[in-house]
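Peer 1: Listed below, chain by chain, are the residues.
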Amino acid sequence: MAFIRQEPCDDVFELADHRVRLSPVWSFLILMLFFPGMSSAKADDPVVTVGVYENAPKVFVAESGKPAGIFIDIIEHIAEREDWTLRYVFGTWTEGLDLLAKGDIDLMPDVAYTADRDRIYAFHKEPVLSSWFQIYAPKGSGIRSILDLDGKRIAVLDHSVQEAAFVRLTAGFGINATITPVPDYKTIFAMVAARQCDAAITNRFYGLVHAQKHGLEDTTVVFHPTNLFFAASKSGPQHLLDTIDNHLLNLKSNTQSVYYGSLKRWIAEDVKYELPAWVATLGWVLGAVLLMSLAGSALLKRQVNARTRELRQINREMEQRIVQRTAQLAAAVEKAQAADRIKSTFLATMSHELRTPLNSIIGFSGILLQGLAGPLNSEQQKQMGMVQGSARHLLALINDVLDISKIEAGQFALSISAFDLRESIEKTVRLVTPAAAKKSIDLNLAIADDVATATTDQRRLEQVILNLLNNAIKFTDKGRVDVSCRIENGQYRLSVSDTGIGIAPEHLQPIFEPFHQIDVRLGRKYEGTGLGLSISKKIVEMMGGVIEVQSRLGQGSVFTLHLPMNSGEGP
Amino acid sequence: MSDVLLIIEDNEQNLYLMTFLLEKNGFAIIGARSGFDGIQSALHHKPRAILLDIQLPEMDGYAVMAELKRHRELDGVPIIAVTSYAMVGDRDRILAGGATGYIEKPINPDTFAEEIRRYF
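From first to last, the protein sequence lines stand for chains A and B.
In terms of our numbering, the first sequence opens at residue 67 and continues consecutively.
In terms of our numbering, the second sequence opens at residue 2 and continues consecutively.
These are calculated hints, taken from the structure and not from any lab test.
Since we're looking at a predicted model, the values are computed, not measured.
All C-beta atoms, glycine included, are put in the ideal place defined by N, C-alpha and C.
Please note that a few of the clues may not be correct.
[Said to hold, decoys possible] Non-contacting residues of chain B with respect to chain A, defined by C-beta distances greater than 10 Å in every case (computed): (1) Q14; (2) F21; (3) G32; (4) L44; (5) R71; (6) D76; (7) P79; (8) I81.
[What the hints assert, rightly or not] Here are the computed distance ranges between Cβ atoms for each label pair: (9) B/H45 <-> A/Q403: 27 to 33 Å; (10) A/Q394 <-> B/G90: 28 to 34 Å; (11) B/G90 <-> A/N320: 53 to 59 Å; (12) A/S456 <-> B/Y17: 17 to 23 Å; (13) B/A29 <-> A/P576: 24 to 30 Å; (14) B/Q56 <-> A/I553: 26 to 32 Å; (15) A/P249 <-> B/Q56: 37 to 43 Å; (16) B/A29 <-> A/Q557: 48 to 54 Å; (17) B/G90 <-> A/N316: 39 to 45 Å; (18) A/S483 <-> B/Q56: 23 to 29 Å; (19) B/A29 <-> A/A398: 43 to 49 Å; (20) B/Q41 <-> A/A484: 39 to 45 Å.
[Said to hold, decoys possible] Not the full set, but computed from the structure, chain B residues with beta-carbon under 10 Å of chain A: (21) H46; (22) G77; (23) V78; (24) D91; (25) D93; (26) G102; (27) K106; (28) P107; (29) I108.
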């Protein structure tokens, strides 16, 4: 069978890349397809044509020249049950998609679902596989999170979706990685093996099968999950897709099925079982002993057989369990990803929906208070002030609750950049100056001369400082609030101290826990969500810093931040 | 003559609020309730700045920004996104989409006009 060797293809190339003219081999194969004399199919069986290209282990051409891989095992299983005659058409990924769009073939294996493709092709509903992109690196590289890729050289398939997704991902984390575009997966791994790059990005199936050969291992950095399907021609027989769905559901529900057999065959690493080798050796040695003693003891023989059976049984059960666990894990991953998506959509929608009416309340009360719509009398002025104060308070509560939800959903991300820390502190202190003046509190600021650039999330750091300042002013009725910042042990040390009511020792420990409020009586004097310090602590920890408190009841409190000058470098 | 601002905002209350507030602060306001109308008004009136909501029916703020950027005659007209999308990354996405500035809703009525002037 003729076959052109192609570079491994990316799971999710965009459609725009598909304009490739037909190679002569393709044209020849298609001609063959329509020549009735060359057809070996039974006249009454439907013929289903399937595109085959090189993307081991999902679909590829084996050394024997026959198509192989997970998608091929599944479609052959279905064809056997349905009495379909399968006809394979060999070529590249782009050529296959092109033929499918024209209706010249019926099915293309291993196509990621995208909205663009849905307009051109038909998809069934039950995904065959889920894939994602993964970072592979030499053994012992120490790459454990996306942040570890800062300053690294990353090899990635040229003009691919993973390149675009990775660029977005690093931009989102404020990471600087050097991206080296490479024309095919094989070269990508070879470059990392030769240390020309520090890490490689491939789809997880390719990596699973090929990484070890190059002395690379998978890291825990994964991104851009996609579901993979057979895509069908829109003009072809539509019942194919329903039939595929029905079979997939059956295959997936039975851990002994061809589906799991195929997964295990193509993607399981070569696990070396010590047990079977030992069992075999034991069997041979005992067999020899038995032979030498001629007839031997029938009892001994039975015992050996029983033991061998037992061990074989254990071995079989272990294999079954591995297959089962793999399936359970894959299902759990899919479920968790779906839940995450729902949660983040809900948070984004809630935030948006609540802000829209608040915009009106805060805006119009502001207009009335400024007298822009006509003068107010003093009572109206006072009441409108209360409306606006309450609306602003409600906004602060919404922001706090959203922050804590994001933190607990693991969706709270820092946006790191370099900025002037002195300016940032001065700006924040200016925000609370009116509140301090109103209570006649003496607000002092002392920033050492060497305090300059900080590289962290400016907005979030200002949120923390503002929270500490607001607390200090809220809980201080007379005296002073002092803010200071200096460098200590190569870190910034920023403290806010007050001469307020202070905190009793028994309340000091849980003060950073969410929803913690010292005074929980209904008629309590101090308002707030009890979330501010908990959020501040999380933010500071994400920046690689710590927050501490010292306090004496009736004398005041000191909150101190120790913050790395560059959060990107970790604690 | 006062500076003309174009506000593209589908929510009637918000449009009224911003119009009232900015008119009282000495601006002349043109309002548009959809992205399509907004683009027509921008080309016709060549405003001093464009205030743009991101969540709009049919044509969203990103699409509006992309369309506005195609017209050379609007080069130098700042586009200020006024939006209640306040999740991680929204700000960066909006600025990357072509906005000159970003003001989060709810707006601060005491400083809003001043914030707009800063982008001139």
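Peer 1: Run through the hints listed earlier and report the numbers of any the structure violates, in increasing order.
Peer 2: When the structure is compared with the hints, numbers 1, 2, 9, 11, 13, 14, 19, 21, 22, 23, 26 turn out to be violated.
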